[in-house]
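Just so you know, the protein sequences line up as chains P and S, in that order. Letter by letter, the first sequence follows residues 965 to 1470 of the numbering used here. Letter by letter, the second sequence follows residues 48 to 147 of the numbering used here.
Just so you know, these hints were derived from the structure itself, not from any lab. Don't take every hint at face value.
What the hints assert, rightly or not - Keeping only pairs whose Cα atoms sit at most 27 Å apart, straight-line, the calculated DSSO-like set for lysine-lysine is: (1) P/Lys1379 - S/Lys67; (2) S/Lys70 - P/Lys1452; (3) S/Lys67 - P/Lys1343; (4) S/Lys70 - P/Lys1379.
To be verified - Away from chain P, derived, C-beta distances all over 10 Å, residues of chain S: (5) Ser57; (6) Gly58; (7) Gly101; (8) Val102; (9) Leu104; (10) Ser110; (11) Thr116; (12) Ile134; (13) Glu138.
Claimed, not checked - Distance windows between CB atoms, simulated: (14) P/Gln1381 - S/Val111: 55 to 63 Å; (15) S/Ala64 - P/Asp1279: 34 to 42 Å; (16) S/Val103 - P/Ser1157: 53 to 61 Å; (17) S/Val98 - P/His1303: 18 to 26 Å; (18) S/Pro96 - P/Ala1449: 45 to 53 Å; (19) P/Ser1157 - S/Ile134: 23 to 31 Å; (20) S/Lys67 - P/Thr1309: 19 to 27 Å; (21) S/Ile134 - P/Thr1309: 47 to 55 Å; (22) P/Ala1449 - S/Ala64: 18 to 26 Å.
Idealized CB from N, CA, C, for every residue including glycine.
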Amino acid sequence: MDSEGLCISAVIRFKKRIGHGGMATVYKGVQTSLERPVALKVLKKTLLDRKDVKSRFERESLIIARLNHPNIIDVIDRGITSKGQPYFVMEYVKGADLKDLIEKGDLKLSQRIHIAVQICKALAYAHDNGVIHRDIKPANILMDRQNHAYVLDFGIAHFCEKTQASNKNEDHHTQVGDVMGTAAYMAPEIHASADNTSVQSDLYAFGVLFYELVTGILPLGRFELPSTQNPNIPKAIDKVIERCLCPDESQRPRSASEIKNLLLKVMHGAHLAPAQKERAKKTVSKAEDKFSLLDVIKEDEFGAVYLFEDKVQHDLLVIKKRTNSSAGFRESKLLHKLHHPNIVTVKGVSKNDRVFISVMEYLKGGCLQDRLIKPFGWKSFISIATQICEAMDYAHRNQIIHGNLRPRNILFTSKGQAKISDFGFDEHYGGGQEGGNWYNHLGEEKSVKTDVYAAGVLFYQMLTASQQPPEWQSGKLCTNAQFDAFPKPLQNVIIQNNAVESGSAL
Amino acid sequence: MQLNPEARYSGFFEVLADLKAIKIGRKPVQSSKQDVATMGDGQSKAGFPFVLGGVVLLALGTSVLLYSTGNGPRVWEYLQLSAHDAIIWMESLKESFLGK
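Pulled out of the complex, with its shape left as it was, chain P reads as follows (with noise of 0.2 Å):
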């Protein structure tokens, strides 16, 4: 219980007042549980004097909760207070929002491409799940003492009352009464109507936010563009700026992620460390004329993964780099030879005594995993379930086996077209999934049943969402209400994907 009376949790303790805003009052406090500290905002008690708001924060908290990604603040709790407030319990992150180190002026340009990078990723990963912030603006921005990037409050300003915005709301802060967002952040389409709110508005709100990023200043009335301001900074900025600040929202830009890609290519690698490019040049050492490195997406003992920009075609590729001890060489050499539309496309592999490396195609639209926050709709699941069965039936045929089908390894075209990656391939669980390999959890012998069996795990996972792998209990799969909703066949495809005991029927 804190000095105002509100009952959390029993495991949460307030210790004080961090911050407060129009809509929510934001206190430090401690999980006692695990003795760690945690953030608790607290949102308006007349937020929830409506019913359908109610009801909306009770179905789309979960939602928000859900939202797992390395640029968002992780939300480790939500619920209702004793008076009827609605809170989120978040995790602590040490640091200063960007709206202080705007004003500071110590950053570099390369840092401040990068840190709008990682609001992109934020942003795409959010909105494939069907999540519009709606207030993006820097004081939602948390930095960490590394420039590390945390998006704060997904999707609260939903629940914020639907009134029209004042005119005189010149503090740029966000109060009850604006239409959901900050006024000097908001698409011109919101101004009209908070129903207009879209991807696009929150693009439109991401420009407003790298303009003052890379300028320090608002883009007010008719602007100067950054490049004409600031000679050092590239006249692509300008480009990707203009592009979301367009009045028109249908030529914005169609996702963060393709800001993000041109971000990366202004940047060459400028974000990176000496050594990580260090070891990607030797990835590339005999083509190193071709490529030029754009990211390092993953880097750990076992290998590498690489965006690299074609210098020639100006294509995005993904080069992965494994130790020879690692599986997945013979299975990248026959693809490479084949093509199926539901597989990505491997365009080259080579080895040398040490490492293998495969060179594959960049998909825009993300991983499967990405979208696992809420259940898929049965069209959309036959659609994407059909994909996987024709991409897994094709390359069984051809005599190759994933071994390691999951959730990260379907990934998807900007228009949604799923693409099976990584055959062959191990994966380390480094103890982050609880219960080890969910997907192949008897520890079978790689096979096609294997396969079988993955793919039945991953459809569960689709249909219900579920953050825990499918139980069996005496040759019957364990369902609970959701699952049982499911029309009868689609069930029996789950059931039978995965396995029952010996001598019970179907």
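Position chain S against the provided structure of chain P, taking the given hints into account.
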């Protein structure tokens, strides 16, 4: 837990056959390995004409009853309300068929 891999599909061609047999919101579907089943909580789209006919007959019956009891002027009001309710009901039924 003893799982029996033998009971699984033997390949993705079988999964594909079952997936392709599923038709959301249409006729009863036949799974390659399962009994006939229907979508949308067992309700069939074939029932729509009967539902619609029932609503129209109900509206007509109501109007005849009201005229006969001297409440003629209120007939259209009743009809309007009934039709409105029927449309909302049918919309929800349609949504459940489409699996939304």
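Hints the structure violates: just list their numbers, smallest first. 5, 6, 16, 17, 18
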